[in-house]
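Enquirer: Chain by chain, the residues run as shown.
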Amino acid sequence: MLPTTTYRTAAFVEAARQIGIELTVASEEPSALQATSLGGLITLPLNDPQRSATEAFLFAQRYPLAAVVGVDDDTAIVAAVIAQRLGLKGNPVHAMQAARDKHQQRELLAKAGVPIPRFMLRGLNEETSEIARTVTYPCVVKPLRLSASRGVMRADNVQGFMKAQNRLRSIVREPGASFLVEEFIPGYEVALEGLVVNRRLHVLAIFDKPDPLDGPFFEETIYVTPSQVPAALQKAIVDCADRAVRALGITEGPIHAELRYNERGPWLIELAARPIGGRCSAVLRFGDKGVTLEEIILRHALGMPIPSLQRERQAAGVMMIPIPGAGTLQEVRGVAEAKAVPLIEDVQITAHPGERLVPFPEGSRYPGFVFARGETPEVVEAALRDAHRRLEFVIV
Amino acid sequence: MEAAEIRITAEPIDNQRCKFVVSVPVLTGGVRRFTGADEAKGSPLAEAIFAIPGLAVSELIVSGNIITVVKQSPTPPWQAVGKPIGAAIRAALASDVPPVATSPKPPGAVNDDALYEQVAKVFDEQVNPMVARHGGRVELIDVQDAVVMLRMGGGCQGCGMADVTLRQGIEGMLAQLVPAVRGIVDITDHTSGANPYFQAAKK
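If you read the protein sequences in the order shown, they are chains A and B. Residue 2 is where the first sequence starts when you use the working numbering, and the numbers rise one by one after that. Residue 142 is where the second sequence starts when you use the working numbering, and the numbers rise one by one after that.
By construction, these hints were calculated from the structure, which means they are not laboratory data. Take the hints with a grain of salt, since some may be wrong.
Computed beta-carbon distance windows for the label pairs [said to hold, decoys possible]:
#  : chain 1 : residue 1 : chain 2 : residue 2 : range
1  : B       : A316      : A       : K164      : 53 to 61 Å
2  : A       : G288      : B       : A255      : 40 to 48 Å
3  : B       : R274      : A       : P360      : 32 to 40 Å
4  : A       : A111      : B       : S164      : 53 to 61 Å
5  : A       : E332      : B       : A228      : 25 to 33 Å
6  : A       : P217      : B       : P239      : 55 to 63 Å
7  : A       : P360      : B       : G276      : 26 to 34 Å
8  : B       : R274      : A       : E332      : 51 to 59 Å
9  : B       : A321      : A       : V198      : 53 to 61 Å
10 : A       : A327      : B       : D330      : 22 to 30 Å
11 : A       : L59       : B       : A192      : 53 to 61 Å
Heads up, the beta-carbon is just placed ideally off N, CA and C, and yes, glycines get one too.
So here's chain A without its partners, still in its complex pose (with noise of 0.2 Å):
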C-alpha cells in the first residue's frame, strides 16, 4: 500500500522486483496506467479501511494476494483491516489503530506500566488559560495524528503554552479535535527499528541521534547506527521497546520506536507500526549480501526465508537534511561537493525547484537526505555534518 505521498515507493518496488514477487500497488490516487495494468496496480479510498477492504476483497477474487503490507501510520491499519478480511498474516486492527492515535498509545502503555511521559488529553477548543494554568512545565504539546514531529511543540510557562496551543489551531484546523499535553522528558534520544515476529521484537538497529532534541520543535537531523549508548542501557531500552509492543498488541511487522533514556532509565516516546521514515531505510543493509529493510518486511509478510536480520558491521548514518527556511526553493548548490565528501554515499535532493519549503512545527517536509557509511559512528557524524556544511539552498 503505496500512497502517492510515500518516500518509499522506489524502494519496495525494487524490493519486489529483487525477490521476484508479483506486485499489486494500493494507492489512493489512480495511477495513468491503471486500466491496462492486470492486478498490478489498484486504487483504495485509504482513508477508509473498512471501504477498502470491500474492494480489496473484490480484488482478490479476480487477482489473488498473499500478503497486504502498509508502509506508513496510515496504511498499517488500512493493511491490518484488508489482512483480517482476507484472512492473511497481519496485526489485529486494534493494535494498528492504538499504534496510530497517540493517545490511545499512551493510555494502553501507561496501563502496561511501561515508562512514558506523563499526559492528558485536552480539546482544542478548550480555553486554553485555564489548562495552561493546570499544565506542569516545561510540556510538550502534540497533536494526535500527525507524523513526522509536525506540530510538536515544548512550553517552558504559561505563556509558551498559550502560544503553542493557538499555534497548533492553526495547524490542525479541526476545531473539535483533542490535543496531547505531555511531560518533557530530558534526556538523549534514540531511535529503535524492528520487527515483530510472532509477538517477539527483533531489533534490526538502533540509531542514535547526536543532535539534542530539546525543543520548541523536534525537527529530526541525524541518525547514526551502531547507538553507542552502554550495552546494559541498549538492553533496557530494548526492553522497554519489547514491552510496548506487547501493551499495544502487535503480533507482526515492522516497529520504529522513539525512547529517551536519562538517569531514570529509558522512556518510550513514541512507537510506530511501520518501519522507519523517509528514505532514511537506505542507511540500512542487512546479511552479507546487503539485503534491504523493505525487502525482509515482503520476505515477513509473505513468510518466505529471511536471510539475516544482522545489521552489516559498518557504521552508517542518514541526515534529514533541516528546513533552511521558509520560502520557495530556486536552486540547491553544492551538491556535487557534498557528494564529494569522503564516506558520503548519496546525497539526495527531494525538494524540487519552485517547491515551497515550509519550516517545523507548520512544516515537516524535509529538503533531502545525506547518506554516509564508514568504519566508526564518530566518522559517520562527522561526514554528514560535512556534507550539509557544502549545501547551499537558494530560497526566495
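Got chain A sorted already, so can you dock chain B onto it with the hints?
Expert: Just chain B now, kept in the frame of chain A:
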C-alpha cells in the same frame, strides 16, 4: 577536452545502480548498453570501467552525458568506487579515440530496429496518451539487445510514483504487447524534475 575540465556527478539509484552525469556529451545520437567485458571491446570507456578491480560490473549503459553503471552486488559501496569510475571516464574522454564505439549488429541478433518500431507504437498510441493525463510523457530513447531505454519527462520526472508507472504499468504493457522486450532501463534524471505529478510529502 582537458580531463580537468570535465565535471562528473555520481547519482546512486540504489546499492547496485548508479548514474554518472558528465558535464560533456559522452555518446551522441543513441544509447549503448554493455553486459560484459567482451561487448566492451572497442569502446575505451566501457573497457576501462569493466576492468576496474573489485567493481564487478554487470551492465553499463551510455546515453548522451549519462553513464549508468550496474554492479553485481551492493558491495563495494558507490562511495568507494566512484573515484576510479570517474578517473576511467575522464581518461576515456581525454583520449583522441571515441570513448564509445557505435553499436555493432552481429548476424542473427535480435532485430532491435523492429522492436523499436513496435515499442514506439505502444508509447505513442497507448502509454503517452495515458501519462499525459498526469502531465507526463515517456520518451523512447533506444532499444538495444531487446532492452528498452526510456526517459520520463513532465509530471513523470521526479514523480513519487514514477517507479510504479514504470514497473507496474509500462513493463506490464510491453510484456503483453511486445513480449520480445527483455527489460527496461529508465535513464531519467529524476532529481531534476521540476513539476512532479505526485510529490512525496511525509518524513
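Enquirer: Name the hints, by number, that the structure is in violation of.
Expert: Structure breaks hints 8 and 9.
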